[in-house]
Each structure stands twice: as C-alpha cells, then as structure tokens.
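Work out the full structure: start from the sequences and follow the hints.
Now for the letters of each chain:
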Amino acid sequence: MRRRTLLGGALAAPLLAACSGGGGGSEGGGRTTLSYGMWDPAQAPGMEKIIAAFEKEHPRISVRIELTPWASYWTTLKTSMRGGTAPDVFWMNAVNFQLYASSGVLEPLSGHIKADATPVDRHPEALVRLYAYRGTQYGLPKDFDTVGLWYNKALFDKAGIAYPDASWTWDDVRDAAAELTNPRERVHGFAAEMDRQGKIYPAVCGAGGYILRDGRSGFGDERSIEGLRFLTDMVDRGWSPPQSAMTESVGRVRYWSEKVAMNYDLSAMAGQMYAVPALKDHGGIAVLPKGRRRATIIHGLANVISAKSRKKEAAWEFVHFMAGRRAAGIQAEAGVTISSYEGTQDAWLKSMPEFDLKNFIDMQEYAVPYPSSENTAVWENLQYPLLGAAFSGKGGVESAARTLGEQMDRALKEESGS
Amino acid sequence: MSVFPATAAAKAKGRGTTAAGSRPRPRKNQRAAYLFIAPLGIGFAVFYFWPLLQTFAFSFTEFGAFGGHTFIGGDNYARVIKDVTVWQALGNTLIYSAIGLTALPIAIVVASLLNRRGLRGVALYRALYFVPFVTLPVAVGLVWNWLYNGDYGLLNEVLGRLGVDRNHWVSDPSTAVYAIGAVMVWSTTGYYLIIFMAGIKGIPRDYHEAAELDGAGALRRFFTITLPLLSPTLFFASIICMINSLQTFDLIYIMMAEKNPAIGDTQSIVGLFYKWAFIENAQGAAAALAFLLMLLIAALTFLQFRLQKRWVHYG
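Protein sequence lines correspond, in order, to chains A and B. Residues in the first sequence are numbered from 1 upward in steps of one, following UniProt numbering. Residues in the second sequence are numbered from 1 upward in steps of one, following UniProt numbering.
FYI, nobody ran anything at the bench for these hints, they're computed from the structure. Accuracy of the hints is not assured; some may be wrong.
Said to hold, decoys possible - In silico lysine to aspartate or glutamate, EDC-like type, Cα no more than 16 angstroms apart, as pairs:
1. 114/A - 414/A
2. 56/A - 317/A
3. 153/A - 165/A
4. 153/A - 354/A
5. 82/B - 179/A
6. 259/A - 185/A
7. 275/B - 165/A
8. 394/A - 172/B
9. 259/A - 151/B
10. 275/B - 83/B
11. 290/A - 179/A
12. 259/A - 179/A
Here it is in structure tokens:
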C-alpha cells in the first residue's frame with residue numbers, strides 16, 4: 001500500500017504534464033493559442049474575464065488556462081519544463097523565482113518592457129524587484145499580499161479594551177493579549193504561530209532585524225532574535241496557544257472560531273474571513289503594531305514567460321496586457337486579491353465594505369519584500385524543525401535562532417557555490 | 001502437482017544435460033512458459049530494475065532542477081553520511097520498524113483465536129480486521145489525526161475520564177513517533193491476520209487432537225504446535241513487515257504538518273528522500289539516500305534469511 005502512493009505520485013506528474021502540454025495549437029492558420037499555467041481555482045473566473053478582454057484586443061491570439069492544484073504545481077511545472085511541454089505563460093512566486101531565473105528557463109523581459117513602455121512603475125517597487133534577477137526583469141507582478149492585524153471586536157468589547165489602531169506598539173499588543181486571554185473559555189489573546197510569512201518574518205523585520213541580506217542569514221542577529229522572542233514570549237506566558245496545539249488547529253481557524261482575539265494574517269484571507277458571519281459582523285483589521293520599527297511582509301505573484309515557448313511574441317503581448325491598467329481593473333473587481341497596479345484597488349476595498357481593507361494598502365510604504373534566494377526552499381525548510389520547540393513553550397529561542405542562522409548561512413554558501 | 005509442469009520438466013532435464021556439458025534447448029512449451037511470465041518480467045524490468053539502475057547512476061551526479069546532470073563522484077554519499085538529519089531519520093525509521101513488527105504477535109494471537117472451533121461470524125471479524133489495511137492511507141491518517149487532536153480529540157476525552165492528562169499526541173516530540181507507529185500497527189494487523197489464518201488452517205487438526213488427548217492445554221498447544229508449525233509463515237510475514245516499515249512514508253506525510261514541532265522526531269528515510277528530491281532540488285543526494293536504504297533493506301533481509309535456520313521449521 002505504501003508503494004502504490006509513492007509510485008502513483010511520481011507517475012502522475014509526467015502524465016499530467018503530457019496531457020496538458022504540447023497541444024497548444026499552431027501559429028499557422030493565423031491564430032495562436034497560448035497556454036496559461038496557474039494554481040488558484042478561486043482566481044480562474046477573474047482570469048477568464050481578463051482573457052476575454054485580451055482576446056477582444058488581439059483577435060489572432062487566444063489563451064487557454066491550465067489549472068494545476070497548488071500541491072503539485074511546482075513538481076508538475078518542473079517536469080513539464082524538462083519535457084518541453086510547459087505552459088507559455090505561467091504564475092511565479094518569490095520562493096521559486098530565482099531558481100527558475102538562474103536556470104535560464106524564463107524569458108528575459110527587460111527589452112520588451114522598454115520597447116513597449118509597459119507601466120512597470122505603477123506597481124509597488126518592492127514587488128517588481130522580487131522578480132528581477134541580476135539586473136534583468138523576468139516577471140511582471142499581478143497582485144500583492146500584505147500581512148495585517150486581524151482582531152475580534154466582540155472579544156475586545158468583552159475585555160473592555162480599545163480596538164487596535166495605527167498608534168499601537170508591541171507593548172500594547174502584549175497588554176491586550178494578557179487581558180484578552182481567558183483560560184476558562186479557552187480564549188487566547190494572540191496566535192503566535194510558527195508561520196514564516198504571516199508571523200516570523202513580520203516580527204523579525206518589525207524588531208529591526210532581517211531574514212536575508214547580501215547573501216547572509218539574519219537569524220543570528222540580536223534584533224531578529226528579539227523579534228522571534230516577541231512571539232515565543234506570548235506562548236511562554238500563555239497568551240497564545242503553543243505551536244503543538246496550533247499544528248492541529250491553526251491560528252487562522254482559531255481566529256475564525258473566535259478562540260483567538262488577535263492574529264497576524266494575509267490580506268488574501270479577507271474573502272474567506274468575510275464569508276464567516278461572525279467575523280463579517282465584528283472582525284476588525286489594523287496595520288501591524290510597531291516594534292522597533294514599522295514593517296510588514298509584501299509578496300505577490302508574477303506572470304512569466306517560458307524560455308522554451310515557441311510563441312514568445314504572443315506570450316509577451318499577453319503578459320504586457322496583464323500588467324496594464326485594464327487587466328488590473330478587471331482583477332480587482334473579481335475581489336479575490338489586491339491588484340498590484342496603483343489606483344485600481346478601490347474595487348477590492350468596496351467589495352467588503354465592513355472591513356478596513358485600506359490598512360493593507362497603506363502598509364505598502366514600509367513593507368519588506370518576501371526574502372528569497374536561488375534555492376529558497378532549502379533554507380526555509382530549516383526553520384520549522386529548528387524553531388518548533390521554542391514556539392511550543394520549551395524555551396531556547398536564542399540558541400535555536402543562532403543555529404538556524406549558521407545552518408542557513410551554510411545552505412546559502414552551498415547555493416552560491418554551485 | 002506442480003503449477004508449471006513445463007518448468008519442472010525443464011529443470012529435471014536441465015540437471016541431466018548440464019552434467020553432459022551442453023545446455024538444454026528451449027522446447028516449444030518452455031517458450032510458452034516464458035510468455036506467461038513476460039508481463040511480470042517486463043513490468044519488473046521497466047518499473048523496478050531500470051529505475052534502480054538509473055537511481056544508482058544519478059546518485060553520482062548533481063542534478064539541475066530542470067534536467068541536465070554533472071558527475072560529481074561520491075560527494076552525494078559523503079553528504080548523506082555527514083548529515084545529522086539522515087541519522088535521526090534512520091533512528092526514527094528503525095523505531096517504526098520495531099513498532100511495526102508488533103503487528104505480528106498481535107495478528108498471530110487474533111488469528112489463533114479466530115480459528116477456534118465453533119466460533120461464529122469469522123468472516124465478519126476477518127473483514128473488520130482487514131478493512132483498515134485496504135483503506136487509503138490518506139483517509140486513515142486524517143481520521144487518526146482527529147482522534148489524536150489535542151483540543152477536541154476523542155482519545156483525550158476517553159483518557160481524560162481515566163485521569164490521564166490531555167496531550168497533543170502527534171505534535172509532542174516525545175509521543176509523536178509512537179502515535180504514528182500505533183496507527184501503522186492498527187492498519188497493517190489485518191493483512192498479517194489473513195496470512196496467519198491461512199497458515200494456521202494448514203496445520204493438520206490431528207496434531208492438536210493428539211496433544212489434547214495427552215492432556216495439553218490450549219496455551220501449551222499454541223506454543224508447541226501452532227507457533228513452530230507457523231514459523232515459515234511468520235518468517236515470510238516478518239520480512240514483508242520489515243521491508244514495508246523501512247519504506248514507511250505516506251502515513252507520516254499525511255499526519256505530520258510542515259509546522260509540527262515534532263517533525264524532526266518523526267521523519268523517516270523515505271520522507272527525507274521525498275523532501276530532498278521534490279522540494280529541495282537535491283535529486284542526486286536523494287538518489288544516494290534511496291540507494292543506501294535499498295542496501296540496508298537487502299542486508300537486513302539477508303540477515304533474516306541467515307537467522308531463519310535457527311528458528312523456522314519446515315514441516
């Protein structure tokens with residue numbers, strides 16, 4: 001029974017690739033069909049609308065979406081790249097970008113951008129920079145995500161505390177967390193979960209530390225450790241459930257079920273939060289409280305073109321269109337993610353009037369781009385096994401962070417050496 | 001009667017002719033025999049043997065994430081041996097094997113109980129024990145994660161009544177490996193049960209009757225008749241069980257979330273292989289790890305074959 005699953009997984013990837021790729025239609029006959037790889041089914045209807053608008057402008061090009069579930073997206077993509085059946089245009093994230101760019105499987109876009117005056121400057125600079133490798137732009141952002149403080153107004157009212165606002169610091173969070181924690185009802189003030197994008201990175205950056213700078217790890221840095229301690233201290237004091245409990249029911253679910261009063265979470269979760277009646281009624285959003293400095297993490301997806309595509313001209317037309325105002329407007333109206341094009345976010349804000357979504361956009365000013373290197377996954381995978389004990393109330397955050405820093409440095413060295 | 005009369009005949013003939021110094025000529029019906037084993041042979045060659053050779057070759061290379069590989073000699077093997085997580089994973093895997101083997105005595109006891117004369121509903125019991133084995137590991141893992149859940153799990157509710165403290169069974173580093181091991185035993189016992197029931201059925205009733213006449217009790221008969229005569233079956237089951245436990249992956253993959261603080265204490269060798277090959281783009285090192293695991297399994301199986309002479313009774 002074990003063999004079957006392993007083998008099944010290994011077989012499925014190339015099979016899927018073989019089924020989905022290749023038959024992209026011919027350039028002859030006057031019509032080009034592009035394949036567009038993505039993973040989020042929630043965004044498919046919005047993307048279809050953008051494609052319809054694009055096809056109206058470019059009657060000789062049509063675009064077909066190839067949806068691969070997140071769990072197998074990267075494995076499938078890698079396999080189909082090897083087999084030459086990868087989609088012409090596909091979604092990219094920061095974790096994987098440099099690996100793809102450095103391997104030469106992405107089409108450089110800088111020349112096209114200059115020639116066609118693509119409005120790159122209308123997208124957040126931090127985000128655009130995420131998709132440049134050694135001075136060359138390979139991807140154009142389509143949306144972005146920031147991390148904000150989600151809180152439960154009803155629990156705040158019950159404890160008689162004023163709601164969080166832009167003036168809040170970490171001390172305010174700690175005071176509130178202590179007040180809000182109610183062991184009898186199993187309510188915790190805060191969810192100090194071991195989660196890199198939502199909690200660890202924002203806390204480290206908020207403490208004035210860093211994750212990655214000039215090819216070196218920041219985890220051994222005093223201020224980074226201070227940031228981690230902000231989180232683990234909440235667990236030690238009982239204001240947050242320990243990680244062992246949050247592995248089984250994650251912080252987000254605890255916030256949904258009103259068992260956690262404050263939680264750092266992504267803007268992309270707004271739609272799901274909005275669907276929970278209690279949260280729609282009394283869920284609140286504030287900018288992240290200030291530690292030593294103001295910080296949040298910004299990440300966004302980009303559209304990239306496969307270097308192996310035989311329809312690069314048409315593919316560029318599509319990517320160029322996707323980075324423009326019109327496509328961004330359609331995407332914002334679909335309401336799933338924040339479009340990265342400046343000034344098109346109103347539609348998203350209006351789609352959930354009860355939520356103060358504007359906070360997510362205001363945080364752009366001091367948002368730190370999601371840290372990444374050529375083989376990001378390798379050093380990211382070091383984090384959870386090493387930090388797990390500290391986030392479970394067993395202490396030792398300082399030595400764990402230093403070990404993590406050393407191991408991450410070793411991984412980074414290996415990466416640049418190869 | 002032999003199932004393959006042709007092969008048996010060829011064997012007999014082969015013995016005779018090799019003595020005379022010439023190989024036997026393939027006869028027509030022998031070719032037919034090869035035809036019959038061809039599907040299995042081809043399947044084995046394509047899906048096991050060829051990948052095995054490839055894995056061996058790849059273990060000496062560094063793999064590009066998008067294809068292409070360069071020869072780097074034994075570096076991958078050096079990396080495997082130097083990496084502490086490999087040794088930790090090996091330790092975990094051996095614990096799983098040790099726990100997994102406990103399915104055998106449980107299955108033997110249940111099998112001999114189910115073989116008692118006059119027991120009704122044997123088919124039902126057999127099916128009940130077998131169901132966990134044919135259930136998808138994903139479903140098994142998810143359901144057990146609910147049972148083990150530290151906040152709302154059934155296990156804590158039951159143990160709570162008995163005065164045992166609440167625990168997050170699969171995310172506490174000191175219990176996680178045993179919690180998963182228990183699920184392994186639970187889901188494989190049925191398989192061994194079927195094997196042992198067949199084995200017990202093969203033991204002639206007269207032995208028991210004779211012993212009974214001589215005044216041997218049920219326990220005595222179990223240890224002096226059933227167990228020794230079951231030893232060939234037990235030998236087969238223990239090899240299968242060991243190989244399966246050493247390759248364990250899916251349950252752990254399903255039950256252990258990425259952020260589980262006990263992940264280092266539960267990761268198996270194959271789990272580590274998966275992480276290296278498919279997440280961290282280190283296919284070369286992963287191939288070396290897989291090859292070493294195969295050698296380990298081969299060595300342990302060989303050892304079992306050597307040791308069987310001391311305890312396995314054939315008829």
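Hints, verified against the model:
A threshold of 16 angstroms between alpha carbons decides the hint, and for residue 114/A with residue 414/A the separation of about 35 angstroms lies outside it, so the pair is violated. With a C-alpha separation of about 13 angstroms, the suggested pair residue 56/A and residue 317/A falls inside the 16 angstroms cut-off, and the hint holds. With a CA separation close to 12 angstroms, the supplied pair residue 153/A and residue 165/A stays within the 16 angstroms bound. Distance hint between residue 153/A and residue 354/A is fulfilled; the C-alpha atoms sit about 12 angstroms from each other, no more than 16 angstroms.
With a C-alpha separation of about 49 angstroms, the suggested pairing of residue 82/B with residue 179/A is violated against the 16 angstroms cut-off. Taking the CA atoms of residue 259/A and residue 185/A, the gap is about 8 angstroms. The hint holds against a cut of 16 angstroms. Among the hinted pairs, residue 275/B with residue 165/A is inconsistent with the structure: their alpha-carbon atoms are about 42 angstroms apart, more than 16 angstroms. For the hint linking residue 394/A to residue 172/B, the alpha-carbon distance of about 11 angstroms falls within 16 angstroms, and the restraint holds.
At most 16 angstroms may separate the alpha-carbon atoms for a hinted pair to count; residue 259/A and residue 151/B meet this at roughly 12 angstroms. For the given pair, residue 275/B sits about 14 angstroms from residue 83/B by alpha-carbon distance, which is consistent with the 16 angstroms threshold. Distance check on the hinted pair: residue 290/A and residue 179/A sit about 19 angstroms apart at the alpha-carbon level, beyond 16 angstroms; violated. Our distance criterion of 16 angstroms between C-alpha atoms is met by residue 259/A and residue 179/A, whose separation comes to about 14 angstroms.
In this structure, the hints that do not hold are numbers 1, 5, 7 and 11, in rising order.
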